[in-house]
Amino acid sequence: MTAISEVRPRVAVAERAPRSWEIAKRACFYGLLLFWLVVSIGPFWLSVVYSFMPKEHIYDPPRLIPNPFTLDNYRVVLSEFELFPRWLLNSAIISGVLTVVRTLFCAMGGYAFARMKFPGRNLLFTLTLVTMMIPGQVTLIPNYIVIGPGVFHLLDRLEAVILPGIAGAFGVFMMTQFFKSIPTELEEAALIDGAGRFTIFFRLILPISQTPLLALALFTFQGTWNEFLWPLVVLQTPEKFTLPLGLQWFKNEYYTLYSNVLAGSLFNSLPIIILFFIFQRYFIEGIATTGLKE
Amino acid sequence: MEAPMSMRLRAQLGEWITAYIFLSPWLFIFLVFNVIAIGTAFYLSFTHYDLFSPPEWIGLEGYRRVLTNDLFLRHALPNTLKYVLVVVPVQTALSLVIAFVLNQKIRFRRFFRTAYYLPSVTSSVVISLIFLWLFANTGLINQLFKTNIQWLTSTTWALPTIMMVNIWSTIGTMMLIFLAGLQDIPQSIYEAAQIDGASAPQIFFYITIPMLRPVIFFVVTLGVIGCFQVFDQIYVMTAGGPLDSTTTIAYLIFKWAFRDTTPRMGQAAALAFILGVMIFAITMLNRRIIEGGGAAAER
Chain G
1 MTAISEVRPR VAVAERAPRS WEIAKRACFY GLLLFWLVVS IGPFWLSVVY SFMPKEHIYD
61 PPRLIPNPFT LDNYRVVLSE FELFPRWLLN SAIISGVLTV VRTLFCAMGG YAFARMKFPG
121 RNLLFTLTLV TMMIPGQVTL IPNYIVIGPG VFHLLDRLEA VILPGIAGAF GVFMMTQFFK
181 SIPTELEEAA LIDGAGRFTI FFRLILPISQ TPLLALALFT FQGTWNEFLW PLVVLQTPEK
241 FTLPLGLQWF KNEYYTLYSN VLAGSLFNSL PIIILFFIFQ RYFIEGIATT GLKE
Chain W
1001 MEAPMSMRLR AQLGEWITAY IFLSPWLFIF LVFNVIAIGT AFYLSFTHYD LFSPPEWIGL
1061 EGYRRVLTND LFLRHALPNT LKYVLVVVPV QTALSLVIAF VLNQKIRFRR FFRTAYYLPS
1121 VTSSVVISLI FLWLFANTGL INQLFKTNIQ WLTSTTWALP TIMMVNIWST IGTMMLIFLA
1181 GLQDIPQSIY EAAQIDGASA PQIFFYITIP MLRPVIFFVV TLGVIGCFQV FDQIYVMTAG
1241 GPLDSTTTIA YLIFKWAFRD TTPRMGQAAA LAFILGVMIF AITMLNRRII EGGGAAAER
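Residue numbers (this note's numbering), protein chains in the order written: chain G, 1 to 294; chain W, 1001 to 1299.
FYI, nobody ran anything at the bench for these hints, they're computed from the structure.
Be careful, since some hints might not be right.
Claimed, not checked - Take a look, some chain W residues computed to stay more than 12 Å from chain G by CB distance:
#1 Leu1085
#2 Ile1127
#3 Thr1261
What the hints assert, rightly or not - Selected chain W positions facing chain G (in silico; Cβ < 7 Å):
#4 Thr1122
#5 Leu1129
#6 Leu1140
#7 Trp1157
#8 Asp1232
#9 Ile1253
#10 Ala1257
The beta carbon of each residue, even a glycine, is placed where N, CA and C say it ideally should be.
Whole structure, please, built from the sequences with the hints as guidance.
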């Protein structure tokens, strides 16, 4: 925990520090950064390396490149084991539908909260905030009953995962805060010109809200693609599993085929990593701003 | 006089209707799966309910059963508290240090930031599967460090191993939040302190930390909520074992409701509310501790 003078070296005080001390400090910083780089990337790298090695070599001494090399594990996962493409598809359907629908519904709800006056608005918005503070375990049991034997009878169907996920308290909160932050002049002008609320929302508001919409969509996709507990509770037969659920099930059924588990895992992490690289700015801004506005 | 009044009323009514049309798709799901669900869970927590016969009202007996339950008292509660007390400070401190270093004049800062964030975008199941393999008795970790530790199959090591995995996977997000917080601190404050002759550690402890108080509070809260609810890693890596040494409250709720041969829905709901109260209480306590001393430092 040293010298913040680093931040602005041109300030006179920084010169007081002797040069060797300065070098030692830099070395320390870069040492720490490199160490953490190895720690955070290493496990992924190793899992990729061993997923390209024959299954008998899964506990071979550590190595940085696959040797002996094989594509067998990927071949098994993609063509021989027919459940795997099914899981991939299930995951894609659930995450795709939820991302589009939840983002749209949360934007519509957020717009109503931010711009319109209606009876019950404050009560409903307060309820939104309150539910954000209650842990998911509380709603797990009633939602299972409602989705399953109680009302909807959707157990073991993809709809069971999709339906409760459509409305997120966080999403509506985030969109409300965003819409409150943009100026109202444009909308007022459009209202005077006789445009209806729907025209304004879809033609005027949505196009200028791309950043928060994309951020919400990305977080939704990441969250639903990786979700485990709720699908675990409502999906029962392997044909209906999502990818995380399937991988975990596969690990239990075929524990000697860990190379295939590693190969399959890559299909779960790769789409998110690619999305993250493309839309890095939105991820980071989203985290930074939602992190600070609380 | 009559006409404008009714026109205004109609305009207002129109606005209400439009508002509810905008709101309704979201509202329906929100009410059913959040608001009504919380109410139902609260009711169920006072009942005995096994899914097969209708819920039977037993009042506070369900809570009493939880609070006197051996698995809860001797395993889930201490394990969860240990977990929170270790993971939250470590992940907060480590991510703050990394963010602090990244906020210096560093080459390849974007590259480091991206790399550090990767564990946080990856699914908890994949992370658990990778570490289950790395921490196997014959796995790479034991080979690399020439150790022979039963990371996930001994009661001594299983919980600490899961703690390590969780710290590893959450640091990315927290580092990003700290980094944003650090960049929000105005340079002029640092410059003023330097002109006044403050030393580097003084600046860190008397300026950086107090200015970051709201961010620290947020990160700690996030950590507490996450730790109290830890489930995926435990389910995949140890399933609560060996000998319940990694059974946490969140795992116990799941076990009672969905894994026991006779589902204990009511008792699990009661435990879920106890968990909620614990999270709430600790968050309030945090607020006292972290923000209490630094009210002046808040913007």
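> Which earlier hints turn out false for this structure, listed by number in ascending order?
Replying inline: 2, 7
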